[in-house]
Structures are given as structure tokens and as C-alpha cells.
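**Q** Sequence:
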Amino acid sequence: MDYALLTWSLPFIGALLSLILRGKVRDIIAVLAILASALFSTLSLQEFLRAGEPIHLSYQWIPSLGISLGTYVDSLSGFMSLIVSWLSFLIAAYSLKYMEEDPGLTRYWFFFDFFVGSMLLLVLADNLITMFLGWEGTGLASYALIGHWYTDEEERCVGDIGRKAFGVPMWFTPSHSGLRAIVFTRLGDVGFIAGIGVLYYFTKSFSIIEISERVADWAGPMAERGLLLPFLLIFSLGAFAKSAQFPFHEWLVTAMTGPTSVSALIHAATMVKAGVYFLLRFSPIFVLAAHEVPMAESQVHGFFSVVAIIGAFTAFLMASQALVSRELKLILAFSTASQLGYMFLALGAAGLITEFPLGFLAGFSHLMSHAIFKASLFLVAGAMIHAVHSRFIDDMGGLWKVMRWSFLSISLAALSLMGIPPFMGFWTKDMVLEVAKESGIYIAYILGLITAGLTAFYSTRLLIRTFIIGKAHHAHEAHPIMLLPYLILALISFLLGMLWPILGSSLLSGMVLKVIGIHEEFHPELHLDPGLLISSLGIVSLGIIVALSLYLTEGGLRSISSMRSSSLGKAIHDFLYDRWYINALYYKVIVGSFSWLSRNVFKYFDSLIIDGFYHTLIPKLTEWLSYFGFKYFETEVVDDTYHERVVRGFTSLGSFFRRMQTGLVNHYLTIFVLGLLLVLLLIMWVG
Numbered sequence: 009m010d011y012a013l014l015t016w017s018l019p020f021i022g023a024l025l026s027l028i029l030r031g032k033v034r035d036i037i038a039v040l041a042i043l044a045s046a047l048f049s050t051l052s053l054q055e056f057l058r059a060g061e062p063i064h065l066s067y068q069w070i071p072s073l074g075i076s077l078g079t080y081v082d083s084l085s086g087f088m089s090l091i092v093s094w095l096s097f098l099i100a101a102y103s104l105k106y107m108e109e110d111p112g113l114t115r116y117w118f119f120f121d122f123f124v125g126s127m128l129l130l131v132l133a134d135n136l137i138t139m140f141l142g143w144e145g146t147g148l149a150s151y152a153l154i155g156h157w158y159t160d161e162e163e164r165c166v167g168d169i170g171r172k173a174f175g176v177p178m179w180f181t182p183s184h185s186g187l188r189a190i191v192f193t194r195l196g197d198v199g200f201i202a203g204i205g206v207l208y209y210f211t212k213s214f215s216i217i218e219i220s221e222r223v224a225d226w227a228g229p230m231a232e233r234g235l236l237l238p239f240l241l242i243f244s245l246g247a248f249a250k251s252a253q254f255p256f257h258e259w260l261v262t263a264m265t266g267p268t269s270v271s272a273l274i275h276a277a278t279m280v281k282a283g284v285y286f287l288l289r290f291s292p293i294f295v296l297a298a299h300e301v302p303m304a305e306s307q308v309h310g311f312f313s314v315v316a317i318i319g320a321f322t323a324f325l326m327a328s329q330a331l332v333s334r335e336l337k338l339i340l341a342f343s344t345a346s347q348l349g350y351m352f353l354a355l356g357a358a359g360l361i362t363e364f365p366l367g368f369l370a371g372f373s374h375l376m377s378h379a380i381f382k383a384s385l386f387l388v389a390g391a392m393i394h395a396v397h398s399r400f401i402d403d404m405g406g407l408w409k410v411m412r413w414s415f416l417s418i419s420l421a422a423l424s425l426m427g428i429p430p431f432m433g434f435w436t437k438d439m440v441l442e443v444a445k446e447s448g449i450y451i452a453y454i455l456g457l458i459t460a461g462l463t464a465f466y467s468t469r470l471l472i473r474t475f476i477i478g479k480a481h482h483a484h485e486a487h488p489i490m491l492l493p494y495l496i497l498a499l500i501s502f503l504l505g506m507l508w509p510i511l512g513s514s515l516l517s518g519m520v521l522k523v524i525g526i527h528e529e530f531h532p533e534l535h536l537d538p539g540l541l542i543s544s545l546g547i548v549s550l551g552i553i554v555a556l557s558l559y560l561t562e563g564g565l566r567s568i569s570s571m572r573s574s575s576l577g578k579a580i581h582d583f584l585y586d587r588w589y590i591n592a593l594y595y596k597v598i599v600g601s602f603s604w605l606s607r608n609v610f611k612y613f614d615s616l617i618i619d620g621f622y623h624t625l626i627p628k629l630t631e632w633l634s635y636f637g638f639k640y641f642e643t644e645v646v647d648d649t650y651h652e653r654v655v656r657g658f659t660s661l662g663s664f665f666r667r668m669q670t671g672l673v674n675h676y677l678t679i680f681v682l683g684l685l686l687v688l689l690l691i692m693w694v695g
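One point on numbering: in the working numbering, the residue at position 304 of the sequence shown is 312, and numbering is uninterrupted.
Hints listed in this document are in silico derivations from the structure and should not be mistaken for laboratory results. Some clues are possibly wrong.
DSS-like, lysine-lysine: derived pairs with alpha carbons at most 25 Å apart [claimed, not checked]:
#1 K596 x K172
#2 K578 x K105
#3 K409 x K522
#4 K578 x K596
#5 K172 x K522
#6 K105 x K32
Throw the hints in and build the complete structure from the sequences for me.
**A** Here it is as C-alpha cells:
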């Protein structure tokens, strides 16, 4: 059996069944479809490990274009699909209780399962076309799930209602946030599409394996012309946007308008990890290009340097904003983008060191550990918001007295996020910093170290403000269906950290030997660089101590108050709280510019060019034609009644198409299904 095919197809079947079924049966079937997918992903990985070689199965789809529908299970896709499917199952199980009273459950479960299926298709695809289909599927599902509460009540928004920066609103409704997500990520996807076209032009194939085997065919010609570096950057734009790297990071912040289960799904298991997976899949091929085409080496190194610097800057940028945020999920969103920056830093640095597999493993292992502890953190956050009926940490406090299991879970997950030994996050973060140090890009390494201290500070602040000091009213422990998934994930993060020194080396060596583009034998040894260990633990400890002294002592609280009352302190606070004013800049420069053009330029184009063509040029043309005897044309066109009929006809046609754009996803899905059925009928009739 093709276990990999079943792994990605079963969630799609669950999505379709959720449209047909109703009530509890629909909910349970949607969850069971993902559970079945997780079981088949486990069998698929088991089969790969037993065979000792990648498992590649391909089915002809469009033979004339050489497009196939194939699955490829190697160390990367096998472990990745395992993480995605099992995390998605735990989040789906959590949703059974968390979303119990929601009126839009059919829509929720359809897009939830569709999301999971799309991510697994992306991961397991053997060619660029099917990978891109999964890539776009995650984008569509994220748009629908982020804007799930499209009625836009205030409690569903993200940001402080009424707050503005330079006149730009800093709060966002679910429908606005969903639109932001799809626009930001689609911008990067244009580069992905262009890259696919260029690779097909040189290789006449969409197969990732063939692209790797024929690396000289496409890297050589572009390197000769100095175009390889621009190509690599453009091809990877989709990854930067999907994983919310600067300057595409803003969509991820406002994605918090969706249900918390959706936030966990996007931030831990799917969507944002797609960009990191892209780099994990293609960076070995880029390194291979540098080895096989000597003139490509400098351009490939230039690409990896850009990736490392952008990753390090994003990690620092987003961590700094988490220092002052008041919204629980927003703090975790900043943290996600920051940790994604770490992963990009690792993979960028990997291409600059002699032992590329070491950096590759650093990036993947941090992806794995982050997926586990961040899913736990988001699910706990959902339980906390559910318990206190507020998204702001100011309304929480003292929750450890009534939510002890939740406190245990968030503490374990937060310690892993901070990088405290022996938690899993400690080992993987240390690997990232080690690779960054070896790369020679010291600014990236220093930013990585500073980010570690900031992460420790805001994580400690979050724990103190929500569970230690203060007292929330009417709080209660989460229902067992919600509690068990995040408790299990927190314990797994702790146990993996305990076992990592024993099992890490053997797991990682098996992990890297069977990946497209990596042909060298590599046997990593887990070790601790004493200098790096002292630096990282020192700055993490400093972050924790500063947070404890500021938020647990009267003197510290007075210091916070006095800093905020001073003009400099307020300016720094507002700068961080309003996200470095980058969002305001986007709206002022980009949105404002296009708005100005539409008001002052395009309207004149419409009145002078379009209307002028009809009312001025056409009469002049008919008068000129009539001079040469074209009387019939003149009478038909110049006739006022005819004019009115033409205008009325085009106006009616425009109104018809305008009415089709309802803004309701259900209508679009209906039109899509009807169109698909029509295409299938035409194919059957022609055949």
C-alpha cells in the first residue's frame, strides 16, 4: 500500500465528509480522518526505516507535460509528516471541546481537515506542481480559518480597540486579518511560481529528484550570467512569506483573530513551517550546485548569507515586540516568528560551513522541538482565555491555584522555549547558535544570543503575569479533552530533552543520510561548546533574573511605572508596542499610495480615456468613415438609442459579475465545485 498517499488524502476525505455529515458525527469523523492520517504516516516512516532507502511512488497525471502525482518518503518528509499529522490530531481533539458551541462548525472542520491534507501533500510531494498545490491549499485554508469569526465582534479582534500609530489603526478584525494573511503570502508565492517556471525551462521536469540530479543544467547557465543569486532569492520568496520572515512578518501577528486551535495549527504544525520545510528540502540542492558548479559557489554563499541575516534579524525584531505585549496569543505569535527566525538562521549558516548536514540538523531539530512546545503553549493559552473570558494578560493572574495542570504544562513548554537544560529547546537552540557562530556571520550570532535573553525575559514575564501574581475571577481548570493534548505535548518536550543526549546522535545520523541532495556520510556527535554554553546560559539567566526582579518585587514594579511615565521610556514602549511602526509604514506608503492613485489618477483614466474613447473618438471615427461612404456603420453607431443600449448592456454585465463577488466562502466553494464538475463532464465528453 502507498501509505504516504493515504497520509495526505485521508484529511481531504474527512473535509468532504464534514460537508455532508452533521452534529457530533461530523466532528468525530473529521478528527478520526486526521488520526487515520497520523497512523498511516507512522506506517510510512516505519516502512522507510525498514527499507533503509527513500520510498518513491509516482502516478501519471498529465503525461503530455510530464506531470505526475507522486509521493516521496525520505528522512525529511517521513519525520515531517509524522510531526504534522500527530500534532494536528491532538489539536483537532482539543477542538472537540474548545469549538463545541461554535455555530460555524461545518466550515471549521472542512477547512481544518483541508489545511492538514494540504500541508501533508506539500511535505510528501515528489514534484513542484503537487508541492505547489499543497502550498496554495494551506494559504486558502489559513485565510478561511483566520477569518473564521467573520462577523468581526470586538472580542474577536487582535490589538487594542481604538489605538492608532501615525493615524493607522493598530487593531484588526478577523476578516481583515484573513485578507492580510492571504495577500502577504501570495506576494511571496509569485516568486515561487517564477522559480518553478525557470527550473522547468532548464530541466523540462518538475521532479525535485531530477532537478537535484541535473543541478548543473540550471545552476551553470544562471551562474555564468550572474543570475543565480537573484534566482535563489526569488525562488525562496514564498518561503520567506510563508514563515513570516522580515519584511513579510506582519501577517502572522494579526493571524491571532482565529480560534486558538487554529493559531496552534498554523504556528506549530502547518503553514509557517512550510517555509522552513521549503528551505530544508531545497537548501541541500543549492549546496550541491555550489559543489558541482565552481562559479556558482560565491552566489550560493551570498544567498545563504542573506537567509542567515534575515533570520537573525527577524528573531530579534519579533522577540523585542513580545517584551511589552499585553495579549496572550500575541506574545506567543511574536515568539513563533522569532523562533522561525532561528530556523532560518540555522539553515542560512548551514550553507556557509564545511559540515552542511550539521546546520541542516540544527534547523530541522529546532523545527521539531518548537512544533511540540509551541503547540502546547497555544493550547494552554486557549484554555486560559476560555477560563477568564479575556485575551489580555492584565485580566489574568494567580491562575496556578485553580489551573494547576495547565500551569505545569505551560511551565514545561515555556522552559523549553527559553532553552533551559535539559529541555528539548535547550539542545536545539544550542545547535542553532553553534552553527551561527561557525558560519562567521558574527552579527547574526550576536543577534541570536540577544534573542535568547529576550525570549527568557518575555517567557518569564508571561508566566508571572498570568499564573503567579494577581487574581483572575471565575477561572477554572480546562476540560480533560482540552487538557490532555497540551499536557501530553509538554511532557513529550521534557522527555525528549532528557533522552536527547542518548538518542540524539543516532536519530540525527539516520535522519540526514537519506535526503535529496545530501550524498555524504555524516555521523554527528552531540557536544557542548563551553564558551557558547556559558554565553547562552548566562544571557538566558540574565533575562529570567531581570523579569523576576521587575515583576515580583515592589521596587521592580515601581521601576516599570517610572519608566513608562518618562518621555524616553514611553517612546521606547510605544515603539515596541506598535511593532516598530512597520505596520503603520506599510499602510501609509503602500496602501496609501495605491489609494491616492485610485483617487487621483485612475479616475481620470476612466473618465478621459475610457469615456473619451466612447463619446469622442467613436463619433469622430464614424464621421470620418461616413465621409468615405460607410453610411450603415454611421447610422448604427451614432444613433442615441444604440448608444444607450450598449452602455446599458455593459453596465448590466458589470453588475452581474459584481453580484457574484459576495465575499462569502460558501458561495465561492459552490461555484468552484460546479465549475469542476463542468470541466470533468467536458473531459468525459471529449474523451
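**Q** Checking one constraint from the list: CA of K596 to CA of K172, max 25 Å. Satisfied?
**A** Since the Cα atoms of K596 and K172 sit roughly 12 Å apart, the hinted pair holds (cutoff 25 Å).
**Q** Check the hint pairing K578 with K596 against an upper bound of 25 Å on the C-alpha distance.
**A** holds (23 Å)
**Q** Between K105 and K32, does the CA-CA distance stay at or below 25 Å?
**A** Roughly 11 Å between the alpha carbons, so the hint for K105 and K32 holds.
**Q** Does the structure keep K409 and K522 at a Cα separation of 25 Å or less?
**A** violated (49 Å)
**Q** Does the structure keep K172 and K522 at a Cα separation of 25 Å or less?
**A** The given pair, whose Cα atoms are some 51 Å apart, is violated under the 25 Å limit.
**Q** Take a quick look at whether K578 and K105 sit within 25 Å of each other, Cα to Cα.
**A** Violated - the C-alpha atoms of K105 and K578 are around 41 Å apart, more than 25 Å.
When the structure is compared with the earlier hints, violations turn up for hints 2, 3 and 5 and for no others.
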